[in-house]
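2 protein chains.
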Amino acid sequence: MSYEGRIWCGTVNSRYLNQKIQLFGWVNRFRDMGGILFIDLRDRTGIVQLVVDQNNISNFQELKISNEDVLKVVGIVRQRPKDKINIKIPTGEYEVEVHEITVLSKSSTLPFPINEEDYKDVSVDETLRLKYRFIDLRRPKMFKNLYFRHKLIKKIRDFLDENEFLEIETPILSNPTPEGARDFLVPSRIQKGKFYALPQSPQLYKQILMVSGVDRYFQIAKCLRDEDLRADRQPEFTQLDLEMSFINYDDIFCLIEKMLKEVLLTTMGLEIKVPFLRMEYQEAIDKYMSDKPDLRFPYPIRKLDIEKVQINMEGITNDVYFLILPQTIARKEIDNLYNSGYKFLYLVREGENYKGTLLKYIQLEQFGKFLDGIEDPELKNKELYTVFVIFNQPKVKLNEIKQVLIDRRILLPTCSFYFLWVNNFPLFKLEEDGRISPEHHPFTNVHPEDKDLLMELYNNIDKLDSGMRSRFASIRSLAYDLVLNGVEVGSGSIRITDPELQKMIFSIIGLTEEEANSRFGFLLNSFKYGVPPHGGIALGLDRIISILLMTNSIRDVIAFPKTQSGSCLLTNSPSEVGEEQLKELGIKLLPLA
Amino acid sequence: MSYEGRIWCGTVNSRYLNQKIQLFGWVNRFRDMGGILFIDLRDRTGIVQLVVDQNNISNFQELKISNEDVLKVVGIVRQRPKDKINIKIPTGEYEVEVHEITVLSKSSTLPFPINEEDYKDVSVDETLRLKYRFIDLRRPKMFKNLYFRHKLIKKIRDFLDENEFLEIETPILSNPTPEGARDFLVPSRIQKGKFYALPQSPQLYKQILMVSGVDRYFQIAKCLRDEDLRADRQPEFTQLDLEMSFINYDDIFCLIEKMLKEVLLTTMGLEIKVPFLRMEYQEAIDKYMSDKPDLRFPYPIRKLDIEKVQINMEGITNDVYFLILPQTIARKEIDNLYNSGYKFLYLVREGENYKGTLLKYIQLEQFGKFLDGIEDPELKNKELYTVFVIFNQPKVKLNEIKQVLIDRRILLPTCSFYFLWVNNFPLFKLEEDGRISPEHHPFTNVHPEDKDLLMELYNNIDKLDSGMRSRFASIRSLAYDLVLNGVEVGSGSIRITDPELQKMIFSIIGLTEEEANSRFGFLLNSFKYGVPPHGGIALGLDRIISILLMTNSIRDVIAFPKTQSGSCLLTNSPSEVGEEQLKELGIKLLPLA
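Order-wise, the sequence lines are chains A and B.
Numbering-wise, my numbering puts 262 at position 169 of the first sequence, and it's gapless, one number per residue.
Numbering-wise, my numbering puts 97 at position 4 of the second sequence, and it's gapless, one number per residue.
Read the hints as simulated data drawn from the structure, not as lab findings.
Every clue listed holds true.
One copy or two, either will do: identical chains are not told apart, so a pair holds if it fits within one copy or between any two.
DSS-like, lysine-lysine: derived pairs with alpha carbons at most 27 Å apart: (1) 385 - 366; (2) 351 - 248; (3) 544 - 165; (4) 596 - 157; (5) 351 - 165; (6) 237 - 315; (7) 213 - 621; (8) 165 - 234; (9) 285 - 681; (10) 436 - 425; (11) 244 - 315.
Next comes chain A alone, as it looks inside the complex (with noise of 0.2 Å):
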């Protein structure tokens, strides 16, 4: 047996007319017609048909194949005849007169059928798929998953190589971290009663690359993270990580676009416009009420100037919010939101044709008036839109009712992938507990501007009251996320390079100088011998492919993933092991509580 020589079935073609050929594969489909044999020949990159014609039929009839046999065939490819080609494969004008069969493995019934039509019919559990991931892997789609994924990265290294980046391997051996908690730790066996951590993320030696001199650094990085697993999060997951040095975020916004749109054209032929949106963190909080908007739904929620426009009605206060979509909904959908318990009024505007709740409490030119004046590049039909108007209650009850008609369909996108940087984080973020603790993490440096404040802060830290706490929260940092229709993809910063303000930051969570020393004392002392202003990024492989492919789970685009409970159903880890073997390690079990 040798591949060389081999055809894949899928790409047999003219080439091959009337050759003998050898082909590997799996019986996609057997049909014993009497005098007739047909058999679908699958591999993964597609279906071909055999024949096996009357005059043979006997030898081949005793193999007794079945579906998913593997074989191995030799044959000639004939032309089908016209009124038999199969236009809905690529090998449909042809097929296989079989010479040789080798049945080269049988096969059982399948737990579940694996061609789409028919898989689609029985609604496979999930639990089904994962235990018998072999078979699902089989599926054309879940293959077609498994090429892109291994596709986009290939590209995506391809690209950094050619910007200078080089891929350094971090340890999966790492040092435990002080927030400790998400640590998947690791006995020791050789050092009893010390423990490695599996890495969160590369951060730390990323940035030691930078003071090495590496100047341009990435990686396909593993990541793992103990958290409560939620619907669509995994245990260990797959990050672009990067970092690079003497650059500004400008540099690392340009690099990511310009590696995006060439990526996303030659695996998917996919055309993004760069460069990407840039929103400040407060204006994404303002207008979406969210750091990461989803910006295929343009419609920010505003508020409506009551000087500007009048709105007759009794105890209106001054927060009424407004949301402008620009299409006209439905009497019957506004009922539904009606129904549902939103209260809002509302004007929907076709032409010179008004409807609504709203006209009762407005004079129209006045309104109109007011709208001309908002500059939206998805209101430049300004006699086409609903509005909605609410007071009295939160604004987020706008961004709920927007919501409901975008799960409804109502709203539709207006387009299938909007990337955008959100930038400006704050620098802190405030504990239920009173603490403060970073929001990104405490390498994050300072936005310039906010420097002073956090000097004159820290400088009266001993006299912190809420007042105070809420000034730090206002503290903007140097980060910024990437975010893909309304998921966050991807995060980053510039990093802080000084060690005296490094050890500010760490005073400021809460780290005494004994724990800033024993777990970051390697970063703060390679500080002192020439570091480099730096930054980078990290963008989450799994979710950006998941997204892209606009699959159901983040499960579909990994090969083999784990349960909400952290278990491989095919394997069946994680798994007891023997008292010995703890031993060994150092470590007994607690009695189960």
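Assemble the complex: chain A is given as a structure, and chain B must be docked to it using the hints.
Coordinates of chain B only, in the frame set by chain A:
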């Protein structure tokens, strides 16, 4: 600050002559010559000389620049006067007349020098290098290692992608294996009392991928093994792991040869001859007493046929061995061997000139005829050689003599890099306690010619005695190693795909059916649904790269290696963690013995 418009230090050339450029880098050397300042600025591409002349010196002297400070520099590229050209560096014809300097970061005095000459002089302890890895990696040699590693792995990926291989990531959080002892374990917090294991290799997953029809899989995979670390071993290492369907081992050999030929040519301009020599395991043992002979020294240990060459000495038994080397060896070296305790006869021929102790006991003519019968490409010139003969001693003594001559650099390699396939490894090995265990791993297929023997022995396994044990040990497998310069750098096999045979092997190596099912049940189960014949290989990339770069240690080609006790001296991992954190994982420490 922006990398757009930045010129790398090592790339300053005539293109930029008389132009204003922007540079970033570290001060490699700083000299204040009174009237004039010279700064060698370094980045990862090399060094360029900056000059501050008399007119400007006062502006820059106050910056108090010292070695390893990080600078941003703007200046104009000038041609150096003919007598000032530095031929040691590529930028030596030019210098940069400084207009602006910004000190981005100050450096303390380094704990050890980083330029090659000074570094060699002070013989830096590796412990210090590992602790200050961020400085060690600034050494141009270390950067070159990382750069080569990146490029080599990139080219491997390019080659495999072109050859229709898919890179597929397999889990880091895997299932404990029954051998167990070498597993790093990870306690599961969500499923207390259970453990993940870090993968010793992706073996089972890649076989599952073959059952899935992926056909050609590869991965640059991190593997982890909790062994007692010998010198130059790492608890985590990087493998090129690959697997193919519908092939025999010729296909793997051809693929790897083609890959290495292409990759070594493009990364280091090295032309290697393919196909590599293939040698049966048994031949390697017989001729070189090693399953990984170093054929840069292609001199086998041979048995002397004492029918053809009579040795006139009493007490000679049949076991006379000789080693013939195609060069003369000086009397002094031979005396050294005697003095080290080796006992042998020797003969040195140089044209018609014969010397040595062997002369007394043989007839030259007889011996000459015997040598003429030996076909050996290394022995083309049979007029210049040295022969060592031993008798009544284990033949390993001759191997030791050869090694002494190699270590003393008397015997020089015939080439820099010698790749060799050793194939048909034994299927089993006999453990000291009498158990039969797999020589390679339990998924390795039996050699077709030895399958009947396996069946015969298996059917009589209840009568297992020492004779049967050694017959078990004689069964050959379809396993193979790739050897480079006497080091095993790769290992693979054609796999078992017959579930009955697989069960038989599990039973022979002493796995109960229950154990086999609990650990490998999913693989056995998958074989019921149509499994293609398949095989693969894993290449140890750290080791290959280390040999190709001729580094002293494997640690020199790994960015963040561990010491022999498994410590990272940079980050101080592994380290202690709090009791609370362990409690959350459902474990506690055993008291230290």
